[in-house]
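A.B. asks: Okay, here's what each chain looks like letter by letter:
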Amino acid sequence: MNGLVFTLWLANLLLDTGGQLAFKAAASDERAGDGIARWKYMLRRPWIWAGICCYVVEFVVWVAFLSLVPLSEGVLLGSINIVAIMIAGRFLFHDRLSPMRVTGILLVAVGVAIVGAGG
Amino acid sequence: MKRFYVIGFALLLGFDTLNLVCFKLAGTHALPVEMSAAWLARVLSSPWIYGAIAGYIGAFVSWMSLLKHAPIGPAFAASHLEVVSVMALSYWVFNEPVTPTQVIGALAIVAGIVCLAFAEGDEGTGDVVPA
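If you read the sequences in order, they're chains L and V. Under the numbering used here, the residues of the first sequence are numbered 1 to 119, in order. Under the numbering used here, the residues of the second sequence are numbered 120 to 250, in order.
Because the hints were derived from the structure by calculation, they are not lab data. Any given hint might turn out to be false.
Calculated pairs, DSBU-like style, for lysine-lysine (alpha carbon to alpha carbon, straight line, at most 35 angstroms) [what the hints assert, rightly or not]:
1) K121/V to K40/L
2) K121/V to K143/V
3) K143/V to K40/L
4) K187/V to K143/V
5) K187/V to K40/L
6) K187/V to K121/V
Using C-beta positions, here's what the derived DEER-type ranges look like [unchecked claim]:
7) F91/L to L159/V: 25 to 31 angstroms
8) C53/L to H188/V: 22 to 28 angstroms
9) L159/V to I87/L: 38 to 44 angstroms
10) A64/L to I126/V: 35 to 41 angstroms
11) I52/L to A173/V: 16 to 22 angstroms
12) T220/V to V69/L: 36 to 42 angstroms
13) S67/L to V212/V: 24 to 30 angstroms
14) A156/V to V57/L: 44 to 50 angstroms
15) F59/L to P219/V: 31 to 37 angstroms
Partial chain V-side listing against chain L, Cβ under 10 angstroms, derived [as the list claims (entries may be wrong)]:
16) K143
17) L144
18) G146
19) L150
20) H199
21) L208
22) L226
23) C234
All C-beta atoms, glycine included, are put in the ideal place defined by N, C-alpha and C.
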């Protein structure tokens, strides 16, 4: 992995994790209410837009990354994001990490990596 | 809450799968790929691209609704079930090869999601890291 590929990989990891955390912050705001009012509230707050911005930039980074590495490596990257978001969710949103949940998340991450590598 | 998750994740899976399959069909409709206005016009003239856009919007609304209650780590992992559904559809609809290794990966994803479903049943007990 050369410098540019590593930078793109790290940028993708940070943008995906940051984007998902921003979406969670927007969606779990208890002041938002329900139904259409909830969407109006979320759209007036910064978090949902922060998430969308992360995803727009991530899209460009992802295309650049995939142009430099095989698709299987790209899918492998996706499996690392699952673990990063698990850890970030634990610290920022106090996600409970029971042994069953950790096992489930790790099985999904390994499965995604195997599907990618098995092409 | 259990029904909320089942319906929410089923909708997310449906919209994500619709999005990917429609993208593939729209791309095939617009061949050959070229960086030109003609190619973009061919993409936009395909009805499938609008299915892909509908899939994007539906998945976004489903995901934001799920995140109101769902813990982000397990939910993000569970959202990868689309890898399995798209693999199955690419085999049946597009006659793409699926390797035994990929089947093993798909089974691991399904097993992981079964674990997450069981974890929802006894939420809050036996934390690895106390919340």
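A.B. asks: Hinted pair, alpha-carbon criterion (35 angstroms max): K121/V, K143/V. Please report holds or violated.
C.D. replies: holds (33 angstroms)
A.B. asks: Is the hinted pair K143/V and K40/L satisfied, with a Cα-Cα distance of at most 35 angstroms?
C.D. replies: holds (33 angstroms)
A.B. asks: Is it true that the CA of K187/V sits at most 35 angstroms from the CA of K143/V?
C.D. replies: Holds, at roughly 31 angstroms.
A.B. asks: Holds or violated: the 38 to 44 angstroms window for the beta-carbon distance between L159/V and I87/L?
C.D. replies: Because 40 angstroms falls inside the window, the suggested range holds.
A.B. asks: Does the CB of L150/V sit less than 10 angstroms away from some CB of chain L?
C.D. replies: Since the shortest Cβ distance to chain L is 19 angstroms, the answer is violated.
A.B. asks: Hint check: K187/V vs K40/L, CA-CA at most 35 angstroms. Holds or violated?
C.D. replies: holds (15 angstroms)
A.B. asks: Taken at face value, is the distance from the CA of K40/L to the CA of K121/V at most 35 angstroms?
C.D. replies: At roughly 27 angstroms apart (the allowed maximum being 35 angstroms), K40/L and K121/V satisfy the hint.
A.B. asks: Is 25 to 31 angstroms right for how far apart the beta carbons of F91/L and L159/V are?
C.D. replies: violated (43 angstroms)
A.B. asks: Can you let me know if the beta-carbon spacing of A64/L and I126/V is within 35 to 41 angstroms?
C.D. replies: holds (37 angstroms)
A.B. asks: Would the hint on L226/V be counted as holding, given a Cβ-Cβ threshold of 10 angstroms to chain L?
C.D. replies: holds (7 angstroms)
A.B. asks: Just to be careful: measuring from the Cβ of C234/V to every Cβ in chain L, is the smallest value less than 10 angstroms?
C.D. replies: holds (3 angstroms)
A.B. asks: Given the hint of 16 to 22 angstroms, check if I52/L and A173/V actually sit that far apart at their C-beta atoms.
C.D. replies: holds (18 angstroms)
Consistency note: the structure conflicts with the earlier hints numbered 7, 12, 14, 16, 17, 18, 19 and 21.
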